[in-house]
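K.L.:
Sequence:
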Amino acid sequence: MRPRASSLMLALTIVATSVTVAASPAAAAGATLTVNVAQPFRPVTHVASGGLYGLAENSRPADSTLLPLKVNSLTQPAPGVGQKPNGQPPGGDSLLVAPQATRVGAGEFIRMPDIYPDFPYKWVSWNDWLAKVDTMVRARLNATTVTNVIGWELWNEPDYTWNTAAAGAFNDGWTRTFRAVRALDPQTPIVGPSTAVYSRSWMQSFLTHARDTGTLPDIICWHELQNPARIAGDIADYRNLEASLGISPRRISINEYAAPAEVDVPGRVAGYVAKFERAGVESAHRAFWYEYGTMNGLVVNNNQPTGTWWLYKWYGDMAGNMVTTTPGGQSGLDGFAAYDPTRKIVNVVFGDEAGTNTINLTGLGALGSSVRVTLLSTPASGRFTGVAAPTTVSTGTRTVSGGQLSVSVPNMVATSAYQLVVEPAAGVPAYQQRYEAENASVFRAQRLTSASASGGGYVGRIDNSGTPRTDSYVDFVVNVPTARAYTMTIGYANGTGATATQGLAYNGGAWSTVSYPPTAGWGQFGATVSTTVTLRAGYNVIRLAKGSPYFAGGTGYAELDYIQLT
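According to mature numbering (1 follows the signal peptide of the UniProt record, and there is no 0), the residues represented by the sequence shown are -22 to -1, 1 to 544, in order.
Calculated directly from the structure, the hints in this document are not laboratory data. Heads up, some of the hints might be wrong.
Claimed, not checked - Only pairs whose alpha carbons sit at most 25 Å apart, straight line, appear in this in silico SDA-like list of lysine to any residue: (1) LYS100 x GLY146; (2) LYS322 x GLY374; (3) LYS291 x PRO18; (4) LYS322 x LEU543; (5) LYS100 x PRO67; (6) LYS322 x LEU354; (7) LYS291 x ALA515; (8) LYS110 x ASP96; (9) LYS291 x ASN205; (10) LYS291 x ARG256; (11) LYS322 x PHE19; (12) LYS291 x GLY374; (13) LYS291 x GLY516; (14) LYS291 x ALA16; (15) LYS291 x VAL371; (16) LYS322 x THR373; (17) LYS110 x PRO95; (18) LYS110 x THR153; (19) LYS62 x ASP96; (20) LYS100 x SER177; (21) LYS100 x ASP150; (22) LYS110 x GLY58; (23) LYS291 x THR373; (24) LYS110 x THR191; (25) LYS110 x ARG154; (26) LYS291 x LYS322; (27) LYS100 x ASN64; (28) LYS322 x LEU426; (29) LYS322 x THR467; (30) LYS322 x ALA16; (31) LYS110 x ASN64; (32) LYS291 x ARG425; (33) LYS100 x ALA143; (34) LYS322 x ARG256; (35) LYS322 x SER384; (36) LYS62 x LEU74; (37) LYS322 x SER386; (38) LYS291 x ALA207; (39) LYS291 x ALA40; (40) LYS110 x ARG160.
In this text the structure is predicted, and so the values were computed from the model without any measurement.
Using the sequences and the accompanying hints, generate a full structural model.
P.N.:
See below:
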């Protein structure tokens, strides 16, 4: 099957390099990854759990395979998709898959040039393109129950697919398309330039023109499809360039990552995720190379996990804050980690190294002197072989000294990924009860910080209602052990001086109203209100909204700290 290749092919042509992932170590064995649990740097938002063409119509893959991953966002084809990826029938229409994406808490970028059937795209004319733009935007505006569209991606890989001879310079084409979209939709963020590879000179030309024409994208995007070792340098270079041009910091999305030889190799993927988290990207999507509707090879037979799925499941289990991980270099052993202070659980996911290696943990003082350490592994099973469960490598009790613990991991396989879970030996709650708002799926609101907030973060500016392009809401993906009625306690702040309201719904059910009496002020937490929710066993999605389809809209304003289920 021909991969829907683009930037990888371009890279091979330009720099004559290729990526090969083998079972041999990516760097010398005996590497060390240091995890500083006492150094949080951002809330857990599962930034890299997205995918290009991850979903297909008719709920493919099954919701049950997506909810555990806490899918951050997706890039899906335009409404009326014509794209035939790898010769498959057109599919994955962003508006048609929106109900499923919403059910699992995921936002969507709409890739506009996928209205064309071929890749590389075959340019027709400006009249044809602008008519298509008009049709696509109007289709989205008419979809009044779709609220999860978070960006228009105006073009894809213009450094590879733009027909300059027929369409003129891309920078001029960008400006023309930008203005056509904004004339109809002045609110939805615009994403670009979505280049196949990061190039400073190409980006400088684009940004300068966009700045001077008032058409800067809201979200800067490019693809990382060659090697995770270049990610840190590319992002640092972009930030330097942005500042040098007097452009305010843009949100960054890498909406295609990992080469064909890497995307189904959990050990290598661990390095990609680690570097995206460390660099502060807002979202990252697994590249599409093969079949759509499989969450990019994470699911086989619509409902069975592959080996790489388990890495993302471990990622989805993270809560609280991402904490600092320091590898020995930009290649070889790397990983990402989170600490949930409400349960005192440290979760580390790592890989891309063979032999015996070491995970050094510091800042463990809050866990006590005795901890339980569990080590799991998941193999590179490919995209057609299901893996029912990860393998337990070891489990046991260890002593923490001075807040530090060193864990030796023998016989690592470079293509496999590993999970290290550290928790108090005395045990942790049987299920996660507290869900921080800043860890949830946040639409048209902002993650903020406050010393009085649980975990140090909260969601504020949940201000909008009345249009599916601007409705403000927060979706909590929760997992409970039994089907029953739960008391849901909401930590909040309301500085209006009067009672505010929000809508509450779960699993797509009926709406009720939550009332928030006034509190001491904005960003000052400690107040709670409680209500009852009847949940099914397993995963549920709970929405608190200022505005949402089928809800008349909340009154006043309230900030959300957390929800707690008991």
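K.L.:
Give me the numbers of the hints this structure contradicts, sorted from smallest to largest.
P.N.:
none
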